[in-house]
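All chains, please: the whole structure from these sequences, using the hints.
Protein chains: 2
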Amino acid sequence: MGDEESVLFSNDRFYAAFSGKDFDAMEQLWCWEKVTCVHPGWQPLYGREDVMESWEVILGEESAPNVRCRAPRAAVFGDMATVVCIEELESAFLCATNVFVRKAGSWRLVHHQAGPVNVHPEELPDEPEVAFN
Amino acid sequence: MGDEESVLFSNDRFYAAFSGKDFDAMEQLWCWEKVTCVHPGWQPLYGREDVMESWEVILGEESAPNVRCRAPRAAVFGDMATVVCIEELESAFLCATNVFVRKAGSWRLVHHQAGPVNVHPEELPDEPEVAFN
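As they're listed, the protein sequences go chains A and B. Sequential numbering from 206 applies to the first sequence in this note's numbering. Sequential numbering from 206 applies to the second sequence in this note's numbering.
There's no promise every hint is true.
Pairs count within a copy or across copies, as identical chains cannot be separated in the list.
[Claimed, not checked] Heads up, simulated DMTMM-like pairs for lysine to aspartate or glutamate below, C-alpha to C-alpha not over 25 Å straight-line: (1) Lys308 x Asp208; (2) Lys308 x Glu254; (3) Lys308 x Glu266; (4) Lys308 x Asp229; (5) Lys226 x Asp284; (6) Lys308 x Asp284.
These are calculated hints, taken from the structure and not from any lab test.
Here you go:
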């Protein structure tokens with residue numbers, strides 16, 4: 206598996222934990238230090254304690270919408286990588302940035318930001334893309 | 206100058222180019238490859254050509270608002286770093302993620318995302334912070 210594919214695999218695990226409301230899996234995906242997170246409309250969160258607390262709240266909500274990751278694109282820079290993707294919620298689309306760091310062979314999340322986006326869903330490819338212009 | 210300080214210095218240069226509508230400076234700040242950019246509400250942009258084209262449009266707009274960077278926080282992971290900060294526009298606040306890669310001793314932007322945020326400006330510190338919880 207190439208670097209881009211292994212990052213996309215970790216990105217898939219993030220969305221599996223998110224849509225499966227699996228807090229234990231979510232906790233394992235995040236790095237231990239210097240993590241940051243910007244949920245749509247929230248104030249930015251700094252540090253593992255505040256970030257994991259936010260996921261505990263979000264994943265614990267009965268009314269939390271299902272999230273599907275569409276059209277992820279990975280860019281790897283040595284032991285760090287970005288994934289930009291579209292999050293398809295039940296009634297809305299968001300654009301997300303996920304930043305990963307490679308620790309002991311595994312990609313761990315150090316940052317997540319999601320915000321409103323203007324997309325035409327029919328233009329979204331079904332397969333992930335790893336190539337850049 | 207420590208790593209966090211040098212990343213924050215590059216982040217300041219980004220906002221100086223942004224608010225100064227200095228496209229040449231903006232071009233020099235971005236990396237040559239695998240860059241991505243998510244302007245508020247836009248579709249995500251992939252690759253240097255599309256990203257720089259967007260900055261040419263944005264910086265060329267007569268009505269572009271002034272942007273001031275508030276409360277930036279840097280996290281350095283080897284040769285890559287994230288900065289999370291608040292962008293103060295004339296009538297709104299955004300939260301931004303800026304991702305940098307170190308190339309030949311200089312921090313270059315590989316990713317920018319900005320989106321709406323719910324902040325209380327009086328709670329924003331004036332000085333950048335580099336420490337995490």
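Status of the hints after comparison with the structure:
| no. | hint | result |
| --- | --- | --- |
| 1 | Lys308 x Asp208 | both (13 Å within a copy, 20 Å between copies) |
| 2 | Lys308 x Glu254 | within (19 Å within a copy, 32 Å between copies) |
| 3 | Lys308 x Glu266 | neither (31 Å within a copy, 43 Å between copies) |
| 4 | Lys308 x Asp229 | within (19 Å within a copy, 37 Å between copies) |
| 5 | Lys226 x Asp284 | neither (28 Å within a copy, 33 Å between copies) |
| 6 | Lys308 x Asp284 | both (8 Å within a copy, 14 Å between copies) |
Hint compliance for this structure: hints 3, 5 are broken, all remaining hints hold.
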